[in-house]
Structures are given as structure tokens and as C-alpha cells.
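Asker: Taken in sequence, the protein lines are chains P and E. Per the UniProt record's numbering, residue 1 is the first one in the first sequence, and the count goes up by one each step. Per the UniProt record's numbering, residue 1 is the first one in the second sequence, and the count goes up by one each step.
Just so you know, the hints here were simulated from the structure itself, not pulled from any lab data. Hints may contain errors.
Simulated crosslink set (PhoX-like; lysine-lysine; CA at most 25 Å straight-line) [stated by the list, open to error]:
1) E:K702 / E:K1002
2) E:K395 / E:K699
3) P:K27 / E:K386
4) E:K195 / P:K12
5) E:K699 / E:K757
6) P:K64 / E:K989
7) E:K896 / E:K685
8) E:K757 / P:K27
9) E:K702 / E:K779
10) P:K27 / E:K395
11) E:K888 / E:K702
12) E:K679 / P:K64
13) E:K896 / P:K27
14) E:K685 / P:K64
15) E:K896 / E:K757
16) E:K889 / E:K757
17) E:K888 / E:K645
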Amino acid sequence: MLILECPYCGVKAEETELTAGGEAHLKRYGPGSSDDEFEGYLFTRENPMGVHFERWRHSNGCGKWFHAARSTTTLEVFGTYSAQTTEPPQEIKDKISARHPGWSWRDQS
Amino acid sequence: MSTRLAKGGRLIDRSKTVKFSFNGKSFTGYQGDTLASALLANDQMLVGRSFKYHRPRGIVASGAEEPNALVNLGSGVTHEPNQRATTTELFEGLTATPQNVWPSLDFDIGAVNSYASRLLTAGFYYKMFMYPRAFWKHVYEPFIRQSAGLGKAPDAETRDPDTYEHFYAFVDVLVIGGGVAGLQAAKTAADSGAKVLLIEQTADWGGRSLVDGGSIDGKPAVDWIKDTLEALENMPNVTLRNRMMGAGVYDHGYALGYERLTDHAPKVAGPRHRLWRIRAKQIVTATGAIERPLSFAGNDIPGVMLAAAVRDYVVNHGVSIGDRTVVVTNNDDAYRTAIALNEAGLDVPVIVDAREFGGGALMEQAKALGIRVETGCGIAKVHGKKRVTSVDICKQAGEGAVLWSIPCEAVAMSGGWSPVVHLWSHCGGKLNWDDTQAFFRPDASRPPKGDDGEAMVRVAGSANGELGLNAGLQDATAVGQAAAAAAGFEVAAVAPQAAEEPETPIEPIWQMPQGAHYGLRLKSWLDFQNDVKVSDVQLAAQEGYESVEHTKRYTTLGMATDQGKLSNINGLATLSNALGEDIPQVGTTTFRPPYTPISMGAIAGEARGEIFQPIRKTPMHAWHEANGAHFEPVGHWRRPYAFVKSGESVKEAVHREVLATRNSLGLLDASTLGKIIVKGPDAGKFMDMMYTNMMSNLKIGKCRYGLMCTENGFLTDDGVVARIDEDTWLCHTTTGGADRIHAHIEEWLQTEWWDWKVYTANITEQLAQVAVVGPNARKLLEKLGGMDVSKEALPFMEWRDGELGGFPVRAYRISFSGELSYEIAVPANLGRAFWDKLLEAGAEWNVTPYGTECLHIMRAEKGFIMIGDETDGTVIPQDLGLNWAISKKKEDFLGKRAQQRSHMTDPKRWKLVGLETVDGSTLPDGAYAVAEGKNANGQRNTQGRVTSTYHSPTLNKGIAMGLVLNGPDRMGEVIEFAAVDGETMIGAKIVSPVFFDPDGEKQNV
């Protein structure tokens, strides 16, 4: 059972307090987008062994959505951060680079 | 025979006898006995039967690894199957019965299987029960079901009278295992000031050193244990718990502890078991090691035991397994058993040491006591049926030619020790094969990792492969220090010193003798409980099973209740030999929690009966309970399905409620409907994204029915939206949808449009809401007095704030029944009083409270859809003829893009219609309309399905709604629906879904 620190209320929340929301930093495609774009947005997901950026909600707590960067293999948590951003903060990327030189995730590295 | 010795037994109190029964017979033991030691003291060598061959089974071990001595414990409501006699502490009045025996323990008919064992080989079930196919259902399965399983499951009708609870603990260092290593690791960590929890699965602290002795820092180990324990007890930062097992280790320092509080003293008050949910910064496992059996013919006969277990029973309980015990070993440790037996005045006719040159100092000590030692030898065969009578000794290097036959009552075997690496492995810790000591040990460079990416579990003492007392102490000190440091505490620790004679290394022996012929291998057991023998594993390898995981499932090796604690290493060594591979190549099976079975009661904890799941209740709930409500669960709510009067069936009640409401006046407790406030300067823009309709242009004081879709286009919820003021909207949701929809809109607000100035609040429980429905609804409200509720002052689909009968109310003119209808919201605390007032004032119109079924029927008569009936996560609003509620003007809303996908615009999507049976009957719910021909799977093609179906009391006939291929274009056509039997066909005419008052004359008055 994971522990993630909610960046809003500061609580170190156990997994039972949280709801997983899948991959973070998706770009929404609405009306006017091509079928391929929309399909990619709706259905295509990363499924990495290793570094992953995820959406979580502190559902049995403050109710806020936040993002977590963690390893799907070692379960190491590189950090949690606001959901109100389009890409991971530099300090978290630096932390991941220190652990996993040369990592990349989508266009992030 | 096994018996109680006149002297000795450090755990028992001979002044306190304890009465108990086994297999219907009465026995006595002493306080301090386990059920196993007490049975042995009473010469009860035979305790059960094996699973497959029903072979006689005796006690093999003295701890958690015991595979044989499983009993049904207790009776009636406290009956519990598969309890290990070796870990069951004896108490007055204990009753136990043997398992897997029929008709009796001493005479078991299933034992004939043993004679057929050449046929019942590995994979027998897969090979035998395949053909002929028809036999499976009528012959094989009934037979297997009757003979499968060990203990009896408790009676489904009984209820466990004991209580259980969960505990939460947060510590810096959790130490699992209270032997010398665990005590030392805990003491070292605690000296740093870290908060330490030390747990031990048995009642006693000290582990093997209590029996095996030794000296630490110049004093006897027993005294060191006592002093260290006392020191720990006096430290405020240390919690000690005995009778508590470390059951499992999970992600991020989560561990489960299973504490057995009253199993040893059932009359003591309080919970029986406690499940500790522990979060530790660091976990130290000091779980010791388990002795391995040796694989020789007849090693399963009662009286053949692990050498350390024989020693435990003599030293701890003063119990002798037999007058003459043959010791057979491949390592030095078993000599301790011979010495202990000799000291107790018992005979050890011979120590059979498989190693060519025998052992070290311990061997010399045994020889000095006059015990005969034969090196380079093994056991060819054990003789005896229900107990050992003699052993044949042979050369280990040979094929089993008998050198001597030695009469004896017991055999103490030792195939070496395996570190208990289970907890290390639960969460991903890796193992290395130690060639010198012939066991798997934790690889400290590949530990289970915590959220910081660093080691979260460390292993100390024999669990870490450090079997010697001194080595274990040095290891535990270092590990305790490292764990404290990793948890943020510094300590300078000095390890105690233990005096230790060097031991001669073990020689791995996987088969005894080395060249044992087939007849011997056929009787050499690996898994005692599941009857897996050396020959079975070899056969599996021969048949092409290479993976240890596959072999396990094919042979059932290690799949019994002991999960291979005794047998796995011997089994996989046998497999690796058969495959000609090294043991590390073959690897181990996966270690999964719990370490030994934990009770279902402990898992459930307090969550049983009323508090299994909290129930949400409306302010009127008590009235419903007192007035015949037949409840149905809706989300976490309980809503009245109907209010049943005496002498009336539920069906009749529903019928009455519909007619009373249609003809005069009905009341519905609508408090459970979701109510969500959306507020802010950008609320209108946001509402337009959430709903398919235009909501931003809704006028203050007005209501609009709205649809919500998910981003993939499917209809997820519906409800009436009211514009409260310039920047406030109130969204009604379905009862079950309130929390889900609130979460849904919050998700979009927080993660997509976070810069929009909008706030939301779920105010469902702040308000009680009553639907006042029927031709006399207005008269009732007018009688209450207060606000103007006339057609002009409060038209259909509008709302007003005001006062009725002295209550502050918000009144909505909305209708889910097609009747003149008001939904009146009052503050929740006034809900019950308002409900009572309506009932009192409505008496003159025979006011009738109605339930959800009446609501459903009335909405179906009007053709209104219901989320969850007409929708199932694959239905879009267009399927339901709700195009009028989908804005064409808006550029974007959730689901708009998805509804443009080719599958969503396919004209062949089934569409909503009404269905009227030709004979007036009611269609079965979910029935499919059949079409011509069959599909690729040979199933009949379908062309539609029923989504809602009721008997309409208003129209006195069956009415239904359904989704039908090209439905709206086929009005008047009769199609056939299959009844539940799949054969009978029911004809139904496609009609408009609005069955009643299609022009809305009743609601618009």
C-alpha cells in the first residue's frame, strides 16, 4: 500500500485515502480534432516499467487532485505536485535524472 | 511409545494439570504444553491422515512449519478447521478432532489409495479425470468433492461469537521475531531513541537459544535473554508483543501483524485476534530458520520427526518421542538432539551422519557420551505403519543395501536449515543461493525498497543466513544500527560476544541413499501433507516440467496449508537434480503473505453486522421504518421501495400507491437526490461544458432538465438544473450519482479548467426534499398557507423561495410522474417535521407516501428514462431520443467530440421505443428481441432488448421500454422477445414510449 504526500494539505496519505486517476499530463482534444488525435487522447496510454507520472485524488481527504511521479517497478516516489500544470516541475525531473540517468517519458526527460 | 518423562520441561508447570480431548478421548496435559506436546505425552503418535493417500500422519515439527498435525479445534460456533497442534497452546477443556479421516483415525478407508500409489502419480488428476468426458460431471466431480479438503468448514448458519479488531501502529523500526537476533536488533535500534515495535509469534521470547543454550557475554543465553527483555520492557520507546506474528510485508513499509490474544485462554474477555496495520520506516525481519527433513523411504511414518523438534519436546515439555531415537543428519546441529536425549536419560542407538568424515566438536562430544556414530551412512528405509519400529541403515553413497537394521521408536532427522526469508521476499527482496551452507539467503544488495528508493527491509540472524549464535548477534547489531540510521537515528552499538565452537559444514543431501532405487524413491516424501514424493517431482521433470512454478502446480508440492515451509527446498533441489541444472537456475516459487494462515475474523475486524457498511439515512428514515417501508439499497442509502400496510403484499402496496397518487395525492421522500451547487463568475461557461444542454442561458428562477455525458460520449447522469442567481446553479443528480457526479465535475474543474473561477459544493445532506404529487398537490400546499403556488406565480419548470406552513422552503415545479407536482426542499433538520405536517394536512385527500417502485412505474408510464435502466455505460443520449437536450449551438461540451465518432453516428444503433405486449402481459426485464439467423458463435441474432418493464396499474397492462434496431421507424410492428426459458416467444408491438398523458395535460395545470 503506497503512501503519497498530498501537496495541498500536506498529509502523507495512505493508498486507501486516495483514488488513482491514471496517466497525468494528457492534452485534451475536443470538437475539431482528427479521429487519430481524439483516439490517442481517449485511449492510448503509457504503460512503462519504471518512471511514470500519474493523477491521484485525495478523495478521502481534502478532495484535491494532484500528480505523482513514481517508479512502477521499485515504487520509489520522486515527488508529488500540483495537478494544475502541464508538465512536471524541474526539481522532480532532476530527482528522477539523478536516479535514472537518461530516462524519458513521452517528451519529458 | 511417546511419553512424559519424570523430570524436565522448562515450559510446563507440573502442578497444574489441564484436561482436554482429542478424537473423542479425554487426556490430561500440563499448563505450558502445546496441543502437540500434550498429545505426544499421551502416546498419541497418530494425529491425522495425509491428503491423497490417507497415510497415517504424526507430528513432525514443533512450530509454525508443522504440515501434519492439523486439527478441527472447538465445536459448534467456535469450531475452526486446520489448526496446527504445534502452535495451539493447551487450555482447560480444549477439544480437538482429527481431519481427513473416514470412518476413523485408526482405520481409514482412503488408505487403500496408498496401495494404488503407483497409479496416483504426479498430475494424476489431470491424466485420470479427462476421459470419458461424460464421467466428469457424474462420477469424477462428485467423488473429488467428497474426498477433497482437510478440515470441515464451519456451519454457514453459525455466527462467530468472538470479537476481533484492527489496530494501527506507526513506528520507526518494526522488528519481527523475538529470538536472540530480534532482541539484539530491537535493543540496538531502541538505544538510538527510535520508536521500536518488537513482535514474536510464540508466547516465549528467546527463540532457539532457549533450547540450544550457549553463552552470551559470559552468561548463559537464557539469562542474557531475560536481561535484554527486561531492558526493553523498561524503555518508553519500545513496544513488545508476543503471540503476534508478522503476517506480511507490503509496499512503503506497510506490515501486517496478527496477534492472538485469547486463543490460549478462551475465557479471557476482549477480542480474540487483533490485526495490526503497521507503518514502519524500517522493518527488520529476524524470523529464524526452519529445519529441513531428509528424503529417505518411510520418512513420513509417525515417529520420524525433525531433529530440533525432538529436542524441543524433551527440553521444553519433558516429552520423549520414544526410548530409542535414531538420529540421522547431514550437519552438526542434529548432534545437539542426540546429546539432549542422552542427558534426559534416553537411548540414541546410533547417529547416522551422511557426511563421509562426520561432524566437528559436537560429534566428539556425542562420542564422548558413548553414542555410536556412523559416518558416510544413511537410512535406507524406516519400518512401521502407524509408528516407527526399526530403521535400515545403508551407505549414503550406495543404492540402499542394508548394513544394519536397528529397532527404534523414533527417528530424528535433519537435512539442514533454511532461513525464513518469506517476509523479506513478500515485497520483492531477492535471494542468493549459498553453496557452502546449502540454502537461499537474502541478498542485501537487492532489498525491498521504500518510497525513497532505499532499502526498507533488513534481515538479521539466522533468517539472514547467520546460523551461529555469535554470528547472529554480530549481524543483528549491525542490522539494528543500520535500520535505526535509515529511520534517522544514530547509535554507537557494541555487539555482545557469544562463545561458539566452529561447526563442520553441512553436506547437501537431497536423496538418501544417493542412488536410491525407484521403490525407495516412491516412499520418500517431500510434501507430507499433500503426499508429494521424490518420484513425483522426478516424473514431472521427465514429463517436461522445467519451471518450478509449473512443477508446483502439477505435483501440488508446497500447495498445502503449510505452503511448503518444510518441503520446498528439498522439492526444488530434487527438480534441479532431475533437470541437471543448478538450484539457483531453478529458483524458488513465490512467497506470498500471510506467513501462516490468519483468521477471517481478524481480517474483518470490527466490520461486521451493523457496522459492516455505514447506511445513509434521510431525516424521514425513522418514519419510514415505523410505517411498513420495504427498503431497497440505493448507493449507501436505504430508500423505501413501497410502504406495505398490514394484510397487503408488496406488489399490492405499489399498485395502491400509484393509483392514489394519480387520482389524488402522493408524497415521496426525495431527500436522497443529489444536490450540487456550482457557483462563480465562470460557472455558466463551466455548466455548458458539463451538460449537453445550454445551461448558461437558463433564466434565474427557472429549471431545465439536463444530461451529463462522460468524455467518451456515454450518458452518465441526468437531473433538473435550477438557476439560483447570476452566478449560481443548483444541479440535481440521481440518488446513486451524487458523490460520483460531484467527483466528476471537480475532476474537470481541478485538472482541465483550473483557471476558471468556479466553486462547487455537494449539499445533498443539507436539505430534506419532498415531492408532493397528484391532482390535489396544490390544494395541500395552499392549505398549509404561505407562498403563492398558483400556476401563474409558480409555473411548470420554475422554482421560488418562500414559506409554507411556517417552514422556510424552496419549491420547484418539476415532475417525474407526469402529475401536478412540487418538489419542496427544507433544511434537513426540519425535514421530519415538514413531512409530518404534510401527512397531517393531506389526510383529507388520502395523502399516500409512496416508494421507489411507484416512482419507477409512473416515470415509465410517462416514458421518462432512468439512469441505470435505459443507460448502462454504452448508451448515448441520441439512442434515447434525447436529441432535443443536446445543444447544437455549443462549440464544445463533454462527450460532444466522442458522439461524432463513426460508431456513435451509426444508424444501426438501437434506439429507444415503447413496447406493448400483444397479450397484455409484462415483458421479462432484460429480455432480447430475436432476429433472423445466427451469429458466428451459433447464437440467435438479436435486434433489441428491454430496458424497463412494469405492470402499469394506471393502464392495467404491461408496459415496457427498450432499445430496438431502427425502432422509431418501426412503429406498430410486432417483434418477438424471448422469455427466461429462451424458447417461449412473447410478441410486443413497437409504440411511443409515452404511454400516459402524451400531451402533458396533467402536469401543466
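Asker: Run every hint past the structure and note whether it holds.
Answerer: Hint check:
About 20 Å separates the Cα atoms of E:K702 and E:K1002, which keeps this hinted pair within 25 Å; it holds. Note on E:K395 and E:K699: the hinted pairing is violated, with a Cα-Cα distance of about 100 Å set against a maximum of 25 Å. Among the hinted pairs, P:K27 with E:K386 is inconsistent with the structure: their alpha-carbon atoms are about 73 Å apart, more than 25 Å. Our distance criterion of 25 Å between C-alpha atoms is met by E:K195 and P:K12, whose separation comes to about 19 Å.
For a cut-off of 25 Å, the pair hint linking E:K699 to E:K757 stands: about 20 Å separates their Cα positions. Between the alpha carbons of P:K64 and E:K989 the distance comes to roughly 51 Å, so the proposed pair goes past 25 Å and is violated. At most 25 Å may separate the alpha-carbon atoms for a hinted pair to count; E:K896 and E:K685 meet this at roughly 15 Å. The suggested pairing of E:K757 with P:K27 holds, with an alpha-carbon distance near 21 Å, which does not exceed 25 Å.
Restraint check: the Cα-Cα separation between E:K702 and E:K779 comes to about 23 Å, which is no more than 25 Å; the hinted pair holds. At most 25 Å may separate the alpha-carbon atoms for a hinted pair to count; P:K27 and E:K395 exceed this at roughly 75 Å. For a cut-off of 25 Å, the pair hint linking E:K888 to E:K702 stands: about 21 Å separates their Cα positions. Note on E:K679 and P:K64: the hinted pairing holds, with a Cα-Cα distance of about 18 Å set against a maximum of 25 Å.
Taking the CA atoms of E:K896 and P:K27, the gap is about 16 Å. The hint holds against a cut of 25 Å. About 22 Å separates the Cα atoms of E:K685 and P:K64, which keeps this hinted pair within 25 Å; it holds. Pair hint E:K896 plus E:K757 holds up; C-alpha atoms about 23 Å apart against a cutoff of 25 Å. Between E:K889 and E:K757 the alpha-carbon distance is near 23 Å, which keeps this suggested pair within the 25 Å criterion.
Distance hint between E:K888 and E:K645 is unfulfilled; the C-alpha atoms sit about 50 Å from each other, more than 25 Å.
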